[in-house]
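Trainee: For reference, the chains in residue letters:
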Amino acid sequence: MNERLLSELKNGQLANPQVCKIMTLLMEQWAKEKDHEIKQQLLRSTVLRYADAESKLAEMNRTKNRFVGLVAHDLRNPLVSIRGLSELLLNDGNDPLSAQQRDFLTTIYSASNSMLTLVNDILDMAVMESGNLRLQVRRQSLSRLIRERVKVNAIPAKEKRISLEQHFSRLPNLSFDRNRISQVLDNLIGNAIKFSPEQARIAVSLSRRNGTAIVSVHDQGMGIAREDQAQLFSGGAGLRNEPTGGEKSTGIGLTIVRKIIEEHKGTLTVESEVGIGSTFSFTLPLEGKRVE
Amino acid sequence: MSNDPRRPKVIVADDEGHCRVLMKAVLASMNCDVVGEARTGDEAIELYRKYRPNLLLLDVNMPVKTGDEVLEELLAEFPDAFVVVLTSVTDMESIEKCISMGAANYIRKDTPVAEIKMIIKETWKSILDQRKKTVTH
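Chains as they are written, first to last, in the working numbering: chain A, 1 to 292; chain B, 1 to 137.
With the rest of the complex left out, here is chain A (with noise of 0.2 Å):
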């Protein structure tokens, strides 16, 4: 129809109206071109804005990777020095400390020890919000790495006089990465011990239940209420509770430990009573889930 409109229009055979009919389709049609031609030039600068910011975003994570082992050489190395000196003198030193020296020290000690767990919580948070937690998973004896990291755990539980029991069921082999694992048993069982009073009992056991191993901290600290309890595995900003001994807690151990519990395929849980205790649980499957 505009075609045979459009060939009259050349020929001189249209009358007005039919002119002014050409017209306002010419213009509609040239109305909606343009249109799509602004879309189109607001779609390439989104997309290079997006280009750009994108460029600029590698970048930033460029700067960052590079803070990180500047952080994890520079910082925490120096850091290990300081505590371990000061630790060394506070309980191996040849000559008597005085009163002050002790205090002095034990302030030392327990600043850098503080330091270290929190300059260890941001690199490992910095390398799980990467997605560059590899795991190094070989089947080994998960009871064997429990009775080890009790041992290590019972120095700072003897400082609060608590106790540390041992319970496991048989289980064979599992397959998880040692150090990762080491780090979860070592926060929870850690952060047990923290959160008690003196002379506290605190239960570690090794259980199996539907295909997979369970292991539990049981403490009989303070107990975590209930609106408190679902914070506890996203930094823990606003808890209440506070160490019993003047320990410090970052608050973001829980959130790497849950982290490495997932990746390992297995769920971090957790059971509390206030004025009775908690107990923090995680699984590892035994059979069949296999793990990256």
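Please note that the accuracy of each hint is not assured.
[Claimed, not checked] List time: in silico DSS-like cross-link candidates among lysine-lysine, alpha-carbon distance up to 30 Å: (1) K117/B / K50/B; (2) K24/B / K151/A; (3) K158/A / K121/B; (4) K9/B / K133/B; (5) K117/B / K158/A; (6) K21/A / K64/A; (7) K160/A / K121/B; (8) K125/B / K151/A; (9) K121/B / K50/B; (10) K117/B / K194/A; (11) K117/B / K65/B; (12) K151/A / K132/B; (13) K50/B / K64/A; (14) K133/B / K65/B; (15) K24/B / K97/B; (16) K9/B / K117/B; (17) K125/B / K9/B; (18) K117/B / K97/B; (19) K21/A / K32/A; (20) K151/A / K133/B; (21) K194/A / K121/B; (22) K121/B / K24/B; (23) K160/A / K117/B; (24) K259/A / K97/B; (25) K151/A / K50/B; (26) K50/B / K158/A; (27) K64/A / K265/A; (28) K125/B / K24/B; (29) K151/A / K194/A; (30) K265/A / K97/B; (31) K151/A / K117/B; (32) K9/B / K121/B; (33) K9/B / K151/A; (34) K151/A / K65/B; (35) K64/A / K259/A; (36) K158/A / K24/B; (37) K265/A / K160/A; (38) K65/B / K64/A.
No wet-lab data here; the hints were simulated from the structure.
With chain A fixed as given, assemble chain B onto it according to the hints.
Mentor: Relative to chain A, chain B alone:
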């Protein structure tokens, strides 16, 4: 350096001075005799040849020669060498390599002192037990 033959002789190899100071203090508190300290992998091998220590604490990440290169060269020359590797958290892949090559154990540098001592003592004991068994068979 003392010449008491009853004290285990140890060499500490780490490029960071404060790490060497810490490890030397830990070993001294365990009644070990630190006979040498190396800043590079080459120095570690040189000192090992000179002193033939009972234990080498070897940082995995060192200049000139890395820990695994030192270990390869050392174990080829001294197959009975008792080497414990020191590592930061980020070096775990190199550690796997060192253990498979023949290192007796590893210690993460951020391990508390009491645990470092425990690892060294237990590794030392297990190596001795293993060697006794090999001799009896």
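Trainee: Checking each numbered hint in turn, tell me which of them this model violates, lowest number first.
Mentor: Hint check: 6, 13, 14, 25, 26, 34, 37 fail, others pass.
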